[in-house]
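Q: From these two lone chains plus the hints, build me the complex, please.
Residues per chain, in single letters:
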Amino acid sequence: MAVTLLYFASLREAVGLSREELAFEAGATIGTVVDFLRARSVRWADALAPGKTWRVAVNQQMASLATPVNPGDEVAFFPPVTGG
Amino acid sequence: MAAIVRVQEDDFDTGRELDAMTRGHDDVGAVASFVGLVRASNEGDAVSAMTLEHYPAMTQKALEEICAEAAARWKVIDTLVVHRVGRLIPGDRIVLVGVTSAHRGDAFAACEFMMDFLKTRAPFWKREETPAGARWVEARARDDEAAARWKG
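Chains as they are written, first to last, in the numbering used here: chain A, 1 to 84; chain B, 1001 to 1152.
Hints listed in this document are in silico derivations from the structure and should not be mistaken for laboratory results. Heads up, some of the hints might be wrong.
[Stated by the list, open to error] Sample of chain A residues at the chain B side, in silico, Cβ under 8 Å:
| no. | residue |
| --- | --- |
| 1 | F8 |
| 2 | A57 |
| 3 | Q60 |
| 4 | P68 |
| 5 | P71 |
| 6 | P80 |
| 7 | T82 |
[Claimed, not checked] The calculated DMTMM-like cross-link candidates involving lysine to aspartate or glutamate, where the alpha carbons are at most 20 Å apart (straight line), are:
| no. | chain 1 | residue 1 | chain 2 | residue 2 |
| --- | --- | --- | --- | --- |
| 8 | B | K1151 | B | E1064 |
| 9 | B | K1075 | B | D1092 |
| 10 | B | K1061 | A | E25 |
| 11 | B | K1151 | B | D1116 |
| 12 | B | K1151 | B | D1026 |
| 13 | B | K1061 | B | E1138 |
| 14 | B | K1061 | A | E74 |
| 15 | A | K52 | B | E1064 |
| 16 | A | K52 | B | E1138 |
| 17 | B | K1061 | B | D1078 |
| 18 | B | K1075 | B | E1138 |
| 19 | A | K52 | B | D1144 |
| 20 | B | K1075 | B | E1129 |
Keep in mind the model is a prediction, meaning the values are calculated, not measured. All C-beta atoms in this analysis are idealised placements derived from N, C-alpha and C, irrespective of residue type, glycine included.
Here chain B stands alone, though its shape is the one from the complex (with noise of 0.2 Å):
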């Protein structure tokens, strides 16, 4: 199982990036991914902006140890995650997350799974641009609670 992790500026081309996944993999059955994108609103206010902020040399591991968990947990076959920082407008991709496994249902578990766990352990801020000026994005409970459906 490979797991493949990168941070960068520089958007990614999503169908590129699974076909990659799966491309020689005769044993892949089925890819499951999550895109995650800039909203031109939060909390009721407009966003024309915003700008990811993270840890680096966290960041790296913190998203290594997620595949790592997700390939312990299912029968994956590879994982994948790409996280953009820096500034991004309304529509731009955020995060990309990709798995590949035999049978649908662990690559949706593990997809879903990965995108939960990043979202409260992965060391990045999101810092947006609003009419009132830039303000931190606050971090949501039910980031942690869907975080916690997958204890145990």
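For reference, chain A alone in the conformation it holds in the complex (with noise of 0.2 Å):
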């Protein structure tokens, strides 16, 4: 199934990409993308390691690890937001 990855701010940076279109296996969730991610390089292991602060949302909703990830979907993955 097809899904789009978004990237914002120091995170984008990070990875050098801003957007880019993946397919995963029926049943994946955003742990499975997150692992996906992780084993590209150390860059994308370091932005992503597990004790750095980084969020991501699912269709613009906030999401975890255990989210489910369904044909379509948006995921975004970026730092804490420094708005206001």
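A: Written as structure tokens, this is what we have:
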């Protein structure tokens, strides 16, 4: 299934990418997606390290590692927000 | 109850925005507002400018949810959030939150709640320009603590 991944702010700069489309098996969760991304390179593993503070949203709602991913979902990774 | 949310590059006129919330509303007895500005220093360093990035599709939703949450918790009449994006310089307005209600208590509380939630939930990120170069502003633990006060 096709999923759109978005990266914002310092996390975008850390991975050097703002958007991509990836395919995952049915039944995938955010955890599956994160494992795949971390395995890409040291750069990705560092940016999404377990102890590092980052956030993930699925279809514009805050999500967690257990959140399921469905075909056509928009998954966004970003650092803690600093607006206001 | 109406919730107005706008994300824009342009500046806003605080007085005009607040007047628009109260004009023709004779049920409004109180209007509370918060305006956030760009400071010329942060973490001990001079800041010459900052650029606000956001996640457009999520920003609108997150701000509308914050307005709805405020309306569910307090007796508010209308809520307003105007948030700027793009490059801003010290003294520039960043954000305006406005709340109208019959009595001041609801407006004060809802306005503070909305800012605390905006600070921790709305997907905006600040990158500031300092003499040492540009850097992303780090989230502060005290913003999480401020938002946590409203739980329960």
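Q: The structure should be examined with respect to each hint, and the outcome stated for every one.
A: Evaluation of the provided hints:
1. F8: holds (6 Å)
2. A57: Result: holds, 6 Å to nearest chain B Cβ.
3. Q60: holds (4 Å)
4. P68: violated (19 Å)
5. P71: violated (18 Å)
6. P80: Nearest chain B Cβ about 3 Å off; hint holds.
7. T82: Result: holds, 5 Å to nearest chain B Cβ.
8. B:K1151 <-> B:E1064: holds (19 Å)
9. B:K1075 <-> B:D1092: Answer violated: B:K1075 to B:D1092 is near 31 Å, above 20 Å.
10. B:K1061 <-> A:E25: Given pair B:K1061, A:E25 is violated - Cα atoms ~29 Å apart, limit 20 Å.
11. B:K1151 <-> B:D1116: This hinted pair holds, its Cα atoms lying about 12 Å apart.
12. B:K1151 <-> B:D1026: Between B:K1151 and B:D1026 the Cα gap is close to 32 Å, so the pair fails against 20 Å, i.e. violated.
13. B:K1061 <-> B:E1138: violated (23 Å)
14. B:K1061 <-> A:E74: With a Cα-Cα distance of about 14 Å, the restraint between B:K1061 and A:E74 holds, given a limit of 20 Å.
15. A:K52 <-> B:E1064: violated (29 Å)
16. A:K52 <-> B:E1138: Within the cut-off at roughly 13 Å; holds.
17. B:K1061 <-> B:D1078: holds (17 Å)
18. B:K1075 <-> B:E1138: violated (34 Å)
19. A:K52 <-> B:D1144: holds (16 Å)
20. B:K1075 <-> B:E1129: violated (41 Å)
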